[in-house]
Each structure stands twice: as structure tokens, then as C-alpha cells.
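Q: So you can see what is in the structure, the chains are spelled out below.
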Amino acid sequence: LAKTTQPISMDSYEGQEVNITCSHNNIATNDYITWYQQFPSQGPRFIIQGYKTKVTNEVASLFIPADRKSSTLSLPRVSLSDTAVYYCLVVPSDSWGKLQFGAGTQVVVTP
Amino acid sequence: GAVVSQHPSWVICKSGTSVKIECRSLDFQATTMFWYRQFPKQSLMLMATSNEGSKATYEQGVEKDKFLINHASLTLSTLTVTSAHPEDSSFYICSARDQKGTGIGNTIYFGEGSWLTVV
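Heads up: the sequence lines are chains E and D, in that order.
Using this note's numbering, the final residue of the first sequence is 1095, and nothing's skipped along the way.
Using this note's numbering, the final residue of the second sequence is 139, and nothing's skipped along the way.
If you are wondering where the hints come from, they were derived from the structure by calculation, not from laboratory data.
Keep in mind the model is a prediction, meaning the values are calculated, not measured.
Careful: at least some of the hints might be erroneous.
[What the hints assert, rightly or not] If you anchor each label on the Cβ, the simulated ranges turn out as follows:
hint, chain 1, residue 1, chain 2, residue 2, range
1, E, Asp1051, D, Gly73, 37 to 45 Å
2, D, Ser35, E, Ala1050, 50 to 58 Å
3, D, Ser74, E, Leu1064, 43 to 51 Å
4, D, Ile32, E, Thr1013, 42 to 50 Å
5, E, Ala1050, D, Thr122, 24 to 32 Å
6, E, Trp1080, D, Ala92, 15 to 23 Å
7, E, Pro1060, D, Gly121, 23 to 31 Å
8, D, Ser29, E, Asp1078, 29 to 37 Å
9, E, Lys1036, D, Asn71, 30 to 38 Å
[Claimed, not checked] Straight line, CA to CA, 25 Å or less: simulated SDA-like cross-link-like pairs of lysine to any residue:
hint, chain 1, residue 1, chain 2, residue 2
10, E, Lys1082, D, Leu66
11, D, Lys61, D, Gln80
12, D, Lys61, D, Gln26
13, E, Lys1082, D, Lys84
14, E, Lys1082, D, Asp47
15, D, Lys120, E, Arg1029
16, D, Lys84, D, Thr51
17, E, Lys1082, D, Lys34
18, E, Lys1082, D, Thr69
19, E, Lys987, D, Thr52
20, E, Lys987, E, Ser1007
21, D, Lys34, D, Leu94
22, D, Lys120, E, Trp1080
23, D, Lys120, E, Val1039
24, D, Lys61, E, Thr1067
Positions of the beta carbon are idealized from the N, C-alpha and C atoms, including for glycine.
Next comes chain E alone, as it looks inside the complex (with noise of 0.2 Å):
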């Protein structure tokens, strides 16, 4: 499963768009880019997936070049609901569901 590297952390105030970039230099043909969001003491949630350029859905964007190295998830105009631990994966089309976590990125919003 191909390794990805995100930002440790990132402060926001609400209202602000928090742009988180995840690399992922080793992906494969079949891999597929998702984030998942996790709240203290819950189980991660499903944020969002693409395989190339933009997607877009009601809670945030993704935007992936070309070359599929790297994506950055868009979180618009963020809440203090929005504070959570953002984990960016590469999953493969074929997957049975194992996934491999990275650290994520801890995005704190304050007022």
C-alpha cells in the first residue's frame, strides 16, 4: 500500500478554507486517493475520494494533478465542528478494505 505524508497539523479560525496537501509519490495505476475524518473516541469517516483532477461533494473538495502524486482536500469556510484528525489514504480498486493509516493532520478550528 503506497505510503502517504500529510501536515501534522493545521490551525484555522472558522469561516477560513483549510487546504490540507497529502503526497503519495509511490501511488499505483489502481489506487484511488480517499479521506477519511475522525472525532475523538469515533471511528473514522469517509470524506471524500478521487482518482484524478477535481472532485467535489456537499463537505469538501479534492484536487489532484496530473501526476497523481500529491492531493490537496478543501475544506470550505471550516466550523469549530470541522476540528478533527484528517487521514489521507490511497486505496486500491480491488481492495477488500485494509487500509494503512499515516499520521493524518490534526485541524483545529477556533473562533
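Assemble the complex: chain E is given as a structure, and chain D must be docked to it using the hints.
A: Only chain D this time, still in chain E's reference frame:
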């Protein structure tokens, strides 16, 4: 949507005793489930793959005799921490993928987690 549920949410046990944690897929069948442990302020560490009807596959460094995994049905996997010690205190999380779902990451569901405290 699909849900994975764990029980108990938290448990306290005495050192030397065993404790069982259940993981259920509530509205889908899962031939494979996964168990993770997470220490405070750390990331999730994959412990083992639970396979329905066969032996679990353990990650390197995880003691299979200490962390017994049973996947007796397509909706239930159990993790038993045997002869628990204080260093086993941790947050245990299970996950499963809904193979009939569309997509990849969005079809992997995690349980709520179970806090184990060994005293």
C-alpha cells in the same frame, strides 16, 4: 446507509482477565473485517484481518494468541483480548467493506470504537 456497530463502547477489566469486543455489520454481509487499535494521540494501527470461516491474518508484531479473532458469521467478528494487561488499554476499532456498494473508500465503514481500560 450501511453501518458497522461495535459493542461494548467501553469496558474496564482487571489485569489478567479476558475481554471480548464485538463488531457487527448491520445491513450488509462482510466476508472480511478488520481490527485496528489506536493509542491516544496516535493513528490507527491495523492489527488483523478477520476472515469469515477461516483463520484471521495478523499484522507483523501482533500476537495472535493474545488477540483472538473469530469471524463466525458474515455479519459478526469478535476480538478477544486474553490475559489483558494495562499496556493493552487502547481504543479498538473495526471496519468492513460493503462489497456490493459502489465506490471504494465510501464503502468502507468503521465501527464506533471500543475503549478498553485494563486496571
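Q: Could you work out which of the previously given hints the structure breaks and list their numbers from low to high?
A: Violated hints: 17 and 21; rest satisfied.
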